[in-house]
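Q: Reading the sequence shown from the start, the letters are residues 393 to 721 in the numbering used here.
Be aware that a few hints might be false.
Stated by the list, open to error - In silico lysine-lysine, DSS-like type, Cα no more than 25 Å apart, as pairs:
1) Lys413 x Lys692
2) Lys413 x Lys423
3) Lys415 x Lys693
4) Lys415 x Lys401
5) Lys413 x Lys401
6) Lys410 x Lys590
7) Lys432 x Lys401
8) Lys410 x Lys423
9) Lys590 x Lys415
10) Lys401 x Lys423
11) Lys692 x Lys410
12) Lys415 x Lys432
13) Lys693 x Lys413
Hints listed in this document are in silico derivations from the structure and should not be mistaken for laboratory results.
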Amino acid sequence: MNLSPRPIKSDIPVHNFKPEKEKVSRWSFMKVLREHSDLKEYYPEVNPFVECYRFRPNTYAIFNPSVMAGCGDVWSYLIIGPERALLIDTAFGLGDLRATCEHLAPGREVVCANTHRHVDHIGGNVCFDVVYINENDADALRDEETPDYMAGFLLDDDGRPSASDFDPEDLMPFHRYEVVGVPDGYVFDLGALPSGEKYEVELVHLSGHTAGQSGFFDRQTGCFFMGDSTSALLDEGERHPELCTIRSMRDRLQAALDRHGDQMTGVFPGHGAIDLHPVTLQYLIDAADLILAHPDQYDKKIDWFGRALYTKNVYQFGSDLKYTMETVG
393 MNLSPRPIKS DIPVHNFKPE KEKVSRWSFM KVLREHSDLK EYYPEVNPFV ECYRFRPNTY
453 AIFNPSVMAG CGDVWSYLII GPERALLIDT AFGLGDLRAT CEHLAPGREV VCANTHRHVD
513 HIGGNVCFDV VYINENDADA LRDEETPDYM AGFLLDDDGR PSASDFDPED LMPFHRYEVV
573 GVPDGYVFDL GALPSGEKYE VELVHLSGHT AGQSGFFDRQ TGCFFMGDST SALLDEGERH
633 PELCTIRSMR DRLQAALDRH GDQMTGVFPG HGAIDLHPVT LQYLIDAADL ILAHPDQYDK
693 KIDWFGRALY TKNVYQFGSD LKYTMETVG
């Protein structure tokens with residue numbers, strides 16, 4: 393069966409001719425949101441390559457279309473505090489994401505942070521002088537901070553896009569930035585509220601997908617921006633393999649739910665449908681428990697960018713947990 397994604401109307405001038413397969417439960421959400429929702433804001437004069445959706449009075453979900461073979465579209469998130477704004481993830485670096493944030497949050501310093509170090513979440517880091525990430529991914533991100541890193545994923549040997557039709561001139565030019573590694577529980581201060589309290593966003597270390605994969609919990613709105621808690625994969629050269637396991641992910645998801653579950657109002661993943669019920673975290677934990685109990689009873693074996701992986705479906709999530717027998721833990 394052909395699982396190429398059905399088109400969704402958009403003014404973004406990009407077409408990916410090597411997209412990921414359609415995930416049916418995600419497609420209907422994205423179709424309604426992007427074609428019919430009055431949440432949508434589009435500012436082509438600032439950055440024609442993103443769509444902005446205001447999910448809370450001070451919180452934007454920024455849609456970045458995929459320009460990489462087999463990779464899904466990416467969400468970045470902007471939390472606008474009284475004095476500073478926090479940008480979570482920067483996608484592929486197509487178009488000026490910093491200018492977008494400054495347009496949405498005028499007069500505020502924009503602080504940039506990553507949920508993890510994977511290529512589809514760090515491309516726009518070059519728009520900033522400083523980028524924050526969990527300490528377990530910091531060294532790997534520094535290794536990736538080279539002039540040709542993004543080009544190796546997005547361009548062919550002749551310097552042309554390998555999976556899409558964007559103009560390479562629209563990729564943000566390389567700019568070396570400082571990588572600041574921070575621990576679990578690190579708090580971003582976005583300024584003083586009228587009450588005098590600080591507007592705080594907490595980094596919550598989740599692990600699994602990468603050693604430093606983390607979520608961000610907005611203590612004021614209750615929104616949890618969880619990144620990619622979708623797999624336990626051991627990338628070549630990983631410095632902290634003990635954190636790239638289903639068990640590590642399960643334990644840290646449980647800790648996050650125990651710590652903040654009662655205050656959560658919505659869960660915002662890095663891909664697909666967003667503003668999910670917080671019970672989504674419990675469904676991820678349940679799937680992880682099934683893998684830990686019976687890793688050989690998987691739902692499907694797949695080829696994932698040349699790697700053989702096993703999958704366990706996550707209830708009502710529209711996706712699955714991917715793992716190898718070595719990364720069960």
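Q: Sort out whether Lys693 lies within 25 Å of Lys415, counting only the CA atoms.
A: Distance of about 17 Å is within 25 Å: holds.
Q: Quick one, are Lys692 and Lys410 close enough, alpha carbons at most 25 Å?
A: 23 Å, holds
Q: Given the hint that Lys415 pairs with Lys432, test it: the Cα-Cα distance must not exceed 25 Å.
A: Given that 25 Å is the threshold and the Cα spacing comes to 22 Å, the pair holds.
Q: Can you confirm whether the C-alpha distance between Lys413 and Lys423 stays at or below 25 Å?
A: 15 Å, holds
Q: Can the restraint linking Lys432 and Lys401 be considered satisfied, given a maximum Cα separation of 25 Å?
A: Measuring from Cα to Cα gives roughly 13 Å; hence the hint holds.
Q: Next pair to validate is Lys401 with Lys423; report whether the Cα-Cα distance is within 25 Å.
A: Holds - the C-alpha atoms of Lys423 and Lys401 are around 8 Å apart, at most 25 Å.
Q: Mind checking the alpha carbons of Lys693 and Lys413 for me, to see if they're no more than 25 Å apart?
A: 16 Å, holds
Q: Compare the distance between the alpha carbons of Lys413 and Lys401 with 25 Å, and conclude whether the hinted pair is satisfied.
A: The hint holds at about 18 Å.
Q: Hey, Lys410 versus Lys423, does the alpha-carbon distance stay inside 25 Å?
A: 19 Å, holds
Q: Between the alpha carbons of Lys413 and Lys692, is the straight-line distance 25 Å or under?
A: 15 Å, holds
Q: Run the distance test for Lys415 versus Lys401: straight-line Cα separation, threshold 25 Å.
A: Satisfied, since the Cα-Cα distance of roughly 17 Å is no more than 25 Å.
Q: For a C-alpha distance cap of 25 Å, please report whether Lys590 and Lys415 respect it.
A: Not satisfied, since the Cα-Cα distance of roughly 40 Å exceeds 25 Å.
Checked against the numbered hints listed earlier, the structure breaks hints 6 and 9; every other hint is satisfied.
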